[in-house]
Amino acid sequence: GAGVSQSPSNKVTEKGKDVELRCDPISGHTALYWYRQSLGQGLEFLIYFQGNSAPDKSGLPSDRFSAERTGGSVSTLTIQRTQQEDSAVYLCASSLMPILGNEQFFGPGTRLTVL
Amino acid sequence: AQTVTQSQPEMSVQEAETVTLSCTYDTSESDYYLFWYKQPPSRQMILVIRQEAYKQQNATENRFSVNFQKAAKSFSLKISDSQLGDAAMYFCAYRSGPGNQFYFGTGTSLTVIP
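Residue numbers (the working numbering), protein chains in the order written: chain A, 1 to 115; chain B, 116 to 229.
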């Protein structure tokens, strides 16, 4: 009965380093979403997975950002050559199926700080 | 393009009183859903209430209700009998289309005064 989990909860890195953020969705949820929440801003959509495929990558801000999902479960968001403007909270959400009215269940997020 | 606007960055309410948070959106779609999410300091986003655009009746969940005005593209959240635990950021969100991504407003920070 666990909810969506994300790791690490906090990550501090130096500019130029690569980081990996992990999301474990609720078991059985086929849809998985990544969002970015900058200070004072709403949530910015990054990417959506249905199973292991990503029909919508339109929100990825640059080619330094990539994501994958394996086994229809765990997803990893990778940011290469991090920049200070990448500092934000990265939220993951999952839903049973990508149906319009279905609730998305959110994880607690990973706070990324790029020095 | 779909946009969601929350024009109140901060609101406060006395405990046990009623407060209304505003949200407007822009869309050319006919079928969509609207949501209010709550984000306490723990960062965990929690669904408060949802409304389907085709339903004329306003959604209600205990102390939370919405005033959905489709023609005006307005979707406000009313919190009755406010409690200290209601203090949080509240995000309005819109969802439609094959991508099913959410579009979020910038949020309203609600303070509950004891």
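Check each hint, because a few of them may be wrong.
[Said to hold, decoys possible] Partial selection, computed: residues in chain B whose CB lies under 7 Å from chain A:
hint : residue
1    : Leu162
2    : Gln216
3    : Phe219
4    : Gly222
5    : Ser224
For the record, the hints were derived by calculation from the structure and aren't laboratory data.
Glycine included, C-beta positions come from ideal geometry on N, C-alpha and C.
| task | Of all the hints given earlier, name the ones this structure violates by number, lowest first. | result | As far as the earlier hints go, only 5 is violated by this structure.
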